[in-house]
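**Q** Read off the chains here:
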Amino acid sequence: MSQPATVRARIESSLGERLSSTLQLRERLAPQTVTTGVAALDALTGGLPRGALSEIAGPASSGRTGVMLSALAEATRRLEICALVDASDSFDPASAEAAGMDLGRVLWIRCSEHEQQLPLDGFAHNARPQRKAFRRLDQVLKVTDLLLQSGGFGMIVVDMGDIPGEIARRVPLTSWFRFRRAVEQTATVLMLLEQEACAKTCASLVLQLHRQAICAHDAVPKKPDETAGWKIISGSLPAIPANNVVRHAALLHGMQVQAEVVRSWTRKPVQSVFELRKYSTLSS
Amino acid sequence: MFACIYIPDFPVEAIVRAQPLLRERAVAVLDGKPPVVRVIALNECARQMGMEAGMTKLQAGVFAGPTLRPRSPEQEKAAHAALLDMAFGFSPRVEDTADDRLLLDLSGMERLHGSAANMARELATRVRSAGLEGNVAIAGNPDSAMHAACGFPGVTVIPGGEEARRLGVLPLNVLLDSFDMPRTKKAKSATAREREKLREQMLDTLERWGVRDFRLLALLPEHALASRLGEAGARLQRLARGDELRTLTLCEPELRFEEALELEWTVESIEPLSFVLNRLLEQLCARLESRALAAHELQLRLQLEKRVADEETTTSLPLSDTVANEAIFERRLRLPVPMRDAKVFLKLLQLDLAAHPPGAPILKLWVAAQPAPPRTAQRGLFLPLTPEAEKLEITLARIISIVGEHRAGMARVLDTHRPDAFAVERFQAAEDPNGPCPTFSGKERCAYALRIFRPARQLRVRTAGGRPMAIQSRTDSDQLPLQGKVLWSAGPWHCSGEWWGERSQADNEHGPWDREEWDIALQNGESGIGLYRIYRDNGSGQWFAHASYD
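Note that the protein sequences, when read in sequence, are chains A and F. So in the numbering used here, the last spot in the first sequence is 284, and the numbers never skip. So in the numbering used here, the last spot in the second sequence is 550, and the numbers never skip.
It is worth saying that the hints were derived from the structure and are not from the lab. Among the clues, some could well be false.
[Said to hold, decoys possible] Derived pair list, reagent style DSSO-like, types lysine-lysine, alpha-carbon separation capped at 30 Å:
| # | chain 1 | residue 1 | chain 2 | residue 2 |
| --- | --- | --- | --- | --- |
| 1 | A | K132 | F | K485 |
| 2 | F | K57 | F | K364 |
| 3 | F | K33 | F | K306 |
| 4 | A | K142 | F | K391 |
| 5 | A | K142 | F | K347 |
| 6 | F | K347 | F | K391 |
| 7 | F | K343 | A | K142 |
| 8 | A | K142 | A | K132 |
| 9 | F | K33 | F | K57 |
| 10 | F | K77 | F | K33 |
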């Protein structure tokens, strides 16, 4: 028997009665995951983990809201009760219904600029009037706390997608840590939507979305060097429009989005921070 | 077999039921029109101090220590209702004999509750759980049970055939106090005074004969008694012997659950009011439980003290500068599912009062519950996660106190062509886990989602040939700026509607609308290219950003 093994055996035998499994590595069970409703994203990430905080970050028009609606639609399809904490009151019920969400199973909380309790810094009476975004963030944090304490939700989405990055970064890390601990022993999926990832190590999954191309039928820009960001779907080449204008009937068809897994605890090992996978929101 | 529940000193018990701390103290209840205010009821502690019923308020005030309270008809009503609820929970056949006594028919109850002794003990326990202290007696006929309950303290069981022997020791005033009690409660006061006079005369006559208890009355010769005192005398003798048989006049159970309390001094804040509310809610829930019911609506009524410092009329008013007027403050809480948890009710009322304070000190309060059958839920191992109804209701109330009314709930898309038309309804966790769920195939799903700007963001747009070429939004450091060159635009889509309505200047949610919508791709500074939907209001000519595609 090798020396380390001998030492280990000796330690275990002396501590065995007091401490069980002292030197045994306890393997953490893989968390249960749920589908996002986007097959390419599920293949990339393995799904959204239950009992953990997941972040979806990206600039405007990068497909974040589409992913959020798809995930909520899948959750309601599983007959779970969900909650949406809408920091900017930007949720569109019509889009949600079109995405397949059962609105009767989603509690929608519309945060406002209505003056409520103490701001984040706690000095309401001495400070200048609180910025509207801080009031919204204050409400977001309080409401999320209440929802996590209440329990029983299959998915809680915190939508801070329209909150500027410099304001969202003001949320202390302790808040995200508290949320993570609150959701850890539950089956709730906690999803955070924002422009820049700010929960840092508190998030089990961080997904960065970039829009790669805008897809529209029969849209051809006038100048060849303005093709960046365009994708021609239709096979035939129509006449080049005069003023770089898309025809009335050439509606937006979708976006081509690039998703990047920045951090993931559910899929190991992560070779590097970059794992690019492209998916399209095209229906066909 | 019949049982009687008798609550001695009922006005005192009604007050002590709402304030249990008074039970260990001497309490006397006053009634009457000033200046003739007398003690009408008092508990044993007050009697031991030397107080008596009939004392004036001045005489009662000489005694140091007793608590003097005015009579409270609402609390007596609530106590009587609690007693009835408890009785109907035990037997379906109940006679509402008087405010302080009930008669129950126990025929056939032995299989359910056991022997007569068990039933009597069970009834006594239930009376105590209703917050009252009373006597319980069981006998072979209703009147014997009533006399035993009125005459003997605690629990009494009289086996069949022994009524005369057991009741023999009772004094005659027990017999006469309940004699010819009205079968309904609609007795007129003049008739009651005449009956009272007749009772006094009869008692006086019998005492002059040396008859002071049931046994001596039962031994008198029947015909001689009847010839002297008439039919009333003959009936009295049958009652004394325990031979009087009658059927109960059954009453219908009334489904009214209300508790009331008049405060000694005004309450101005929610915290002390919570203690009082908690007590009332616990009593209410106990009554609901005794009838196997729950509540689907709570009503709270507060009588407020309204102080008016009227400077304009000080010349016409006396020196006192306050005039107390009363105002009623009402709140209704509609519950999503029938509930029966006093703690949940208290929390919901606290949150509601914090959001809608009464604005004046509180003199009196009533709490009522609308009864409903309790909800039944069949849980399973494989059913999806759902929040508990009670917890969810409290959480929703807390959330609403943070974000404001009508800003938390369930969205419903309205059937209209108006853009962004929706309603927010009260959220309720779906009770049927197998309820219908819309299914969508992949082809039907929308390829993109909108993020709506609420309110719509006003823009300055540079156009060329009617088409937007560049836009700039009003600067707001808390929002992402929208400014830049329009890379492409698709439109216009003209939509309008509700031309028959009146235009609201406050917002675009009501009244007619007439707009031209454009989908644009905007080179938005450093953010890159963003897709937006903007529109031009044809009425005002102004441009707004409606939503972004995301």
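**Q** Indicate, hint by hint, whether the structure satisfies it.
**A** Hints versus structure:
Note on A/K132 and F/K485: the hinted pairing holds, with a Cα-Cα distance of about 28 Å set against a maximum of 30 Å. Our distance criterion of 30 Å between C-alpha atoms is met by F/K57 and F/K364, whose separation comes to about 23 Å. Between F/K33 and F/K306, the direct Cα distance comes to roughly 24 Å. Compliance with the 30 Å bound is thereby established for this hinted pair. Using a Cα cut-off of 30 Å, the hinted pair A/K142 and F/K391 holds, with the two alpha carbons roughly 16 Å apart.
Our distance criterion of 30 Å between C-alpha atoms is met by A/K142 and F/K347, whose separation comes to about 18 Å. Only pairs whose Cα atoms come within 30 Å are accepted, and F/K347 paired with F/K391 is accepted, the gap being roughly 10 Å. About 22 Å separates the Cα atoms of F/K343 and A/K142, which keeps this hinted pair within 30 Å; it holds. Of the supplied pair hints, the one linking A/K142 and A/K132 holds, its CA atoms being roughly 16 Å apart against a limit of 30 Å.
Using a Cα cut-off of 30 Å, the hinted pair F/K33 and F/K57 holds, with the two alpha carbons roughly 11 Å apart. The hinted pair formed by F/K77 and F/K33 meets the criterion: a straight-line CA distance of about 20 Å does not exceed 30 Å.
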